[in-house]
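Chain A is already provided as a structure; the job is to place chain B on it using the hints.
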Amino acid sequence: MFIDPKSITMDVLNLTTLMPMLIAIVGGLIILTIDLIKEHIHKSLYVMLTILILIIDLGATLGLTYGANEKGFFDVILMDGIAVLSQVIILVASILFIPLALTSKRFHEYSYPEFFALFLFMIAGFQFMVSSDNLILIFIGIETASLSLYTLIALHNRHNSFEAAVKYFTMGALAAAFFSMGVAVFYGISGSLELYQIADAIQTRMAEPGIMILLLGGAGLLLTAFAFKLSLFPFHTWAPDVYEGASAPLAGYMSIVPKLAAFVVSMRIFEMFISLNIEWVQTMIIALAVITMTISNLMALVQEDVKRMLAYSSISHAGFVMVAIALATEKANVGVFLYYALFMFTNLGAFAMLWVSRHKSRIHHARYDHPYEKFSGMIRIMPMGAVVMALFMLSLAGVPPFSVFWGKIYLMSATVDAGYIWLAIVMGLNSALAAYYYLKLIVYMFLKAPISETNQETVYYNVSKPLLTILGFTVFVTVASVFYVNPLIQYITMMVKATNFGM
Amino acid sequence: MDNILSILIFFPAIAGMLGFVVDKNSAKAYGVSVAAIELLLSLWLWVLYDGANAGMQFSEFIPVISEFGIAYNVGVDGISIFIVIMASLMTLLGMISLDSDLKKMKNMIISLLFLEMTMVGVFLSLDAILFYIFWELSLVPMLYIIGAWGGPTRVYAAVKFFLYTFAGSLIMLVGLLAMAYLFQVESGIWSFNLLDWYTLKLTDNEQFWLFLAFFAGFAIKVPMFPFHTWLPHAHGQAPTIGSVILAAVLLKMGTYGFVRFSLPILPDASVEFTPFIMALSLIMVVYTAMVAFAQKDMKQVIAYSSVSHMGIIMIGVFAMNAEGLGGSVFLMLSHGIVSGALFFLVGVIYERTGTKYMSEFGGLATVMPVYATIFGVMLMASVGLPLTIGFVGEFLVLLGFYKVSVIGTIIAGSTIIIGSIYMLALFKKSFFGPVTNEKNYGLKDLNSKELTVLIPLVLLVVWLGVYPKPVLGPIDNSVKALLVQMEDHAQSESTKEAIIVSKKEVK
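Chains as they are written, first to last, in the numbering used here: chain A, 1164 to 1666; chain B, 7 to 513.
With the rest of the complex left out, here is chain A (with noise of 0.2 Å):
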C-alpha cells in the first residue's frame, strides 16, 4: 500500500508496536555512551545494565496488544499472537544467558562493553525478524542479528572461534543470498511482499500453467535458507563447528533463540503454503526433518566431545520440531513454543554446565575442551554437579516427567492427530536413539572412575555465585516443569489463537 508522505501522522506509525526493538537499541547505545565516557569499567555493570534493558523491554512487550493483529510502522510491523510470544520467549532466554559472563575466571570478550551492545543490537534484530510480515523487514531483522550473532562469537578470541565466526558467516551469507533469490521469485509473482498479499495472490493464479514451477523454486529457495538458518540436514554442516568455536552459554543461546526466530519465520511462509494446500512443501518438511533428526542423533552417537555431542542433539531437536511446521495446525504451533520454551531451560543449563568446568586452555584433550574423560566420576568429585547434569540429560533424552517431555509429547500428540502415525513412531524412536548418547555422558558421571587429574577445583573452575543460580533456576524449572506446564499450554495457546497467519 502507498502511503502519501504528507498524509504520515504518528497514529500511522504506530510506534507503539517499535517500542521493544527500540528499547533494545537504544539500550546498547547507552552501553557504549557509558564506555565513552569512563573507560576500564567492571563487566558486572554492563551484565546488570544490560538485564535491566532486558526487562523493560520484556514489560514492553508483554503491555502490547496483540489480539488486532495490530500492524505498525508503515505496515511493516505485524504484531500478533505468536510475534508477541516468541519475543517474550527471546527475552527470557536472553536474561538467563547474559548473567553467565559473569565467571570467576576472565575471558576476554566480556571485557569489552561491545558485547552487551552488541549482544542487544542483535536482540533487536531477533524481534524484527519475528514481529514483521513483511519478507523485507524479514531479511533485515535476519541480517542484523546474524551479523552481531558473528562477532559475537569471534570475540570469544580463539583461534577456533575465528574459524567458526568465519564458518558462520559464510553459510550466513549464502543463506542470505538464497533468502533473498526466494523473495525475488515471489515478488515476481505477486508484486508484493507482504506475505498476506503473496498467499492471495497465490491463490488466485493456482490454476495458471507454469506457476508450480515458479512456486516449487520460491519455496524451494526458502527452505533452503531456512534449513540453514534452523541447521537441518544437510545444510547443518556449520553447527557442530560453530557451537565448538563459541563459548558454551553462546552456543546454549545460539541452539535456542535464533533456532526460535527462524521457526516463527517458517511458521509465517511454509505454513501459507500449507494451508493453500500445495502439498509438496509439506512433504519436503517431512522429509527434512526425519532425516535431520536420524542424521544427526546418528552423528552425535559417536562424537568424543561433550559440546559436539550436545551441538548435535539440538540440531536433532530442531528437526523434532521441524515436524510442527508441517503439520500446520494450531495444536503443532502450540507444540513449537511450549517445546522451545521448556528446551530454552534444561539446554541452557546444559551448556552452563559444560561452562562451568570451562578452562582456559585445554588440559584434558588436544583437540577438545569438554571431552566425556573430563566427567568421568564426577559423583565422586561434585555429587551434586553430576545430579544436576544427569537431571538435564534425562530431561533432554524426554524421559518423565522432566520438562523437555511434555514439549515431546505435545508435538507427537499433535503428530497423531493430524494423522502421522509412522511420523510419530519415527519421532518416538528418534527420541531412544538419542537416549544413548545422553546417557553415555550419564554413564561416564556415574558409574566410571575419575581420572586422575580431575578434582573439584578441575571441574568447578570457572564457577561463581550467579552462574550457581542460574543452574540452580535452570534445574528447578526442569524438574517441576509438570506444575507449570497447564498455566503455559494455556498461554502459548491463547497466544496461537490470537494469530492469522497472514490468512
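Read the hints as simulated data drawn from the structure, not as lab findings. Please note that a few of the clues may not be correct.
Below 20 Å or equal to it, Euclidean Cα-Cα: the simulated SDA-like pairs (lysine to any residue) are [to be verified]:
| # | chain 1 | residue 1 | chain 2 | residue 2 |
| --- | --- | --- | --- | --- |
| 1 | B | 110 | A | 1550 |
| 2 | B | 30 | A | 1550 |
| 3 | A | 1611 | B | 159 |
| 4 | A | 1611 | A | 1543 |
| 5 | A | 1611 | B | 157 |
| 6 | B | 110 | A | 1613 |
| 7 | B | 110 | B | 157 |
| 8 | B | 110 | A | 1547 |
| 9 | B | 112 | A | 1550 |
| 10 | B | 110 | B | 158 |
| 11 | A | 1206 | A | 1320 |
| 12 | A | 1660 | B | 73 |
| 13 | B | 434 | B | 422 |
| 14 | B | 455 | B | 38 |
| 15 | B | 110 | A | 1614 |
| 16 | B | 450 | B | 392 |
| 17 | B | 112 | A | 1612 |
| 18 | B | 207 | A | 1660 |
| 19 | B | 302 | B | 215 |
| 20 | A | 1603 | B | 154 |
| 21 | B | 166 | B | 242 |
| 22 | B | 30 | A | 1547 |
| 23 | A | 1494 | B | 193 |
| 24 | A | 1611 | B | 108 |
Since the model is a prediction, treat every value here as computed from it, not as a measurement.
Frame of chain A, contents of chain B only:
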C-alpha cells in the same frame, strides 16, 4: 485415610530426598526403617481394602494438565493391591540383605527408595501418562543399580536394559497418544483416564494397531520371546538386589500392563491376537526352559527359569477366563516371591565364594544344611510342587488354558517337567554328593541377617500354598469384574464368545 495411595507412592520418594542428609554410616538403618514403614502402610491398605468390592478403591483424582487431559489419578483394586504389597516387601527384604560394608551404601539406599516410588506408582496409576511417567522413571534407578554395583560388563548390560525398554515404551507412548486422540474425537474432551478409555468403543483396525503399539512396550518388559535378550545380560551383571527387584517387581509391570491396558481397552484385538501371543508364550516357555538347562552359571539358570515362568503368566492372561487371568495375577505374586528368593539365595553363595558356577559347588548340603533346605523349598515352589505357592498359580493358569487349548496345555504343562529337570539338576550338582571343591569345606551356613530375609519368604510360600484364599478372593473378584467389563465392551460376537464360554463355568 482416603489418600493412603498418595502416601504410599510419595513416602519413599520424600524419604529418598531426605536420605541425602542422613549420615552414610546409618544409611542402611534408615533405608530399612523407611521400607518397613512403607510395608506397614501397604499392609494397612490391605486392612482397609474391601475385598468384596471389585472396583477401584481409594481413588484420587486431581487434574494436573487439564488442557491436555492429564490428571493425577490413582486407585487400587484386587489385581494391583497384592503386587504393591509384594513390591514393598521385596524392597524391605532387599534393603535388609544389603552387605553392611557395601560401597556407596547411601547411593544404593536412595536409588532403592526412588525405585520403590516408581514401582508402587506404576501399579496404582489410573492415568495413562502418570503410568508412563512412573514406568519410564523406574529405568533410571535400575540403570544406576546395575551400572554401579554390577559385574564386569555392567555398563553394557545397564545401557542395553535402558535403551531396549526405552525404545519399546516410546512406541507405547505413541499408542497412548493415539488412544487419547481417538477418545477426544469420540467425546470431545482430552482424557488419559483409564476408566474413561474403558468405555471407548474402537474399530477393529484401530484396535489392531493400538494393540501392537502397547505390545511393543509391554512385551519388551515382560520380556516376551524374542525380545528377551536384554534380560540375561541384566541379570548376569546386576548385583543381587538388582536381580531380585528386577525379577520380582519390574518384570511384572509388563504383564500388569497387558492386564490393565490391552485386555480391557482392546478386547477384540486381544482375542484376535490370542493365538499369536499364545504361540510366542509357548515358545518362550519351552525355549527358555531348555536354555536354562544348558547354563553353567547358577544365576543364569534362575534368570532363564524366571523368563520361562513369565511365559506361563502370559498364557494365563490371554486365556481370557477367570481361572487363567486370576491364576496369572496370583502367579505374578508367587513368581515375585519365589524368583526373588532364589536370587537372594544365589547371592548368598556368591558372596561367600565369589563364584556362581555350579561346577565349583557340590555337596553344599553337608556344609550348609539350612541353606540347602531353604533352597530346596524355593526350588520346589518354583517348579510348582503342590502345597507351595507356585502350584496354585500354575495350576489355575493351566486349568484356564485347558479350556482354550488342550494341546497347548500339554505343551505348557511339559515345562513343569522340564522345569523340574533343570532345577533338580541344579540342586543335584550343587548340593548333593560329596564336597568336590575343597575350598567349600569352610563355608558358613546362613547367618541371622540372611535368615531374616529368607524365613518370611519361606513362610509366605507355605502359607499361600496351603491357604491362598485371602489373596485369591479379592483377585478373583476384580478379575471377574474385568472380564465382565471386557465382554460388555467387546464388539464382535466371536470376542464375546471367547470370553463368555469360560465365564459361564465360573458362575
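Here is how each hint holds up against the structure:
no. : hint               : verdict
1   : B:110 with A:1550  : holds (15 Å)
2   : B:30 with A:1550   : holds (18 Å)
3   : A:1611 with B:159  : holds (12 Å)
4   : A:1611 with A:1543 : holds (10 Å)
5   : A:1611 with B:157  : holds (13 Å)
6   : B:110 with A:1613  : holds (15 Å)
7   : B:110 with B:157   : holds (16 Å)
8   : B:110 with A:1547  : holds (15 Å)
9   : B:112 with A:1550  : holds (14 Å)
10  : B:110 with B:158   : holds (18 Å)
11  : A:1206 with A:1320 : holds (17 Å)
12  : A:1660 with B:73   : holds (14 Å)
13  : B:434 with B:422   : holds (17 Å)
14  : B:455 with B:38    : holds (12 Å)
15  : B:110 with A:1614  : holds (19 Å)
16  : B:450 with B:392   : violated (31 Å)
17  : B:112 with A:1612  : holds (18 Å)
18  : B:207 with A:1660  : violated (32 Å)
19  : B:302 with B:215   : violated (41 Å)
20  : A:1603 with B:154  : holds (14 Å)
21  : B:166 with B:242   : holds (13 Å)
22  : B:30 with A:1547   : holds (16 Å)
23  : A:1494 with B:193  : holds (18 Å)
24  : A:1611 with B:108  : holds (17 Å)
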